[in-house]
Amino acid sequence: MTQVEFHILESQPGEDAYLRLIGQCVKSLYKQGRKVYIHAHDQEQAHAVDEYLWALDLNEFIPHNLVGEGPAKAPPVQIGFTQPPEEQHDCLINLSRDVQPFFSYFLKCYEIVPNQEDHKESARERYKFYRGHGYPLQHKKH
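Residues in the sequence shown are numbered from 1 upward in steps of one, following the UniProt record's numbering.
FYI, nobody ran anything at the bench for these hints, they're computed from the structure.
Even for Gly, the Cβ is constructed at its ideal location relative to N, Cα and C.
Some clues are possibly wrong.
Said to hold, decoys possible - Across the chosen pairs, the derived CB separations fall in these ranges: (1) F61 with D90: 18 to 24 angstroms; (2) H41 with G132: 20 to 26 angstroms; (3) Q3 with P63: 22 to 28 angstroms; (4) F129 with G33: 28 to 34 angstroms; (5) L137 with Y105: 28 to 34 angstroms.
Claimed, not checked - Derived DSBU-like pairs (lysine-lysine); straight-line CA-CA distance at most 35 angstroms: (6) K128 with K31; (7) K35 with K120; (8) K31 with K120; (9) K141 with K128; (10) K108 with K27; (11) K108 with K141; (12) K120 with K140.
The task is simple: from the sequences and hints, build the whole structure.
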């Protein structure tokens, strides 16, 4: 059964703080040797995450690409906003405000929540959904 972990940004507002939190989560999973699919809210957010990961220091580089771009052999981190890539990934990072219908294909689902009240409210609804369906839940405040 998919384990769901909420990461809630409370210490700082803004897009930069949100991207840093996403980056921290991705770095941690990459260092663990995990395969990750980052599901963005839309194309603009997918490109923003892609650009953020490209801008990391060389010693922090994380091999990644947008779904459908890049080499035939996919890197360990892929970013998209419609459907996950066909090959199996073990971790989903959901940046959307909705529960994704494919979240249960993954061993772990990370819900990254920015410091905005409307996003926190939709995260509460997702939390209720997962809890109501018996998924193991954790949450961390940043």
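Right, here's what the structure says about each hint:
Hint check: F61 to D90, Cβ distance near 21 angstroms, so the stated range 18 to 24 angstroms holds. Taking 20 to 26 angstroms as the suggested C-beta distance range, the pair H41 and G132 conforms, at roughly 23 angstroms. Restraint check, Q3 to P63: a C-beta distance of roughly 24 angstroms satisfies the suggested window 22 to 28 angstroms. The hinted range of 28 to 34 angstroms is satisfied by F129 and G33, whose Cβ atoms lie roughly 30 angstroms apart.
The beta-carbon spacing between L137 and Y105, approximately 18 angstroms, falls outside the hinted interval of 28 to 34 angstroms. With a CA separation close to 31 angstroms, the supplied pair K128 and K31 stays within the 35 angstroms bound. The straight-line distance between the Cα atoms of K35 and K120 is roughly 27 angstroms, inside the 35 angstroms bound, and the hint therefore holds. This hinted pair checks out: K31 and K120 have alpha carbons roughly 28 angstroms apart, not beyond 35 angstroms.
For the suggested pair K141 and K128, the alpha carbons sit about 18 angstroms apart, so the restraint of at most 35 angstroms is met. Distance check on the hinted pair: K108 and K27 sit about 15 angstroms apart at the alpha-carbon level, within 35 angstroms; holds. A distance of roughly 18 angstroms separates the Cα atoms of K108 and K141; the hinted pair therefore holds under the 35 angstroms criterion. Annotation: proposed proximity of K120 to K140 holds, straight-line Cα distance about 13 angstroms (limit 35 angstroms).
Going down the numbered hints, you'll see the structure goes against just number 5.
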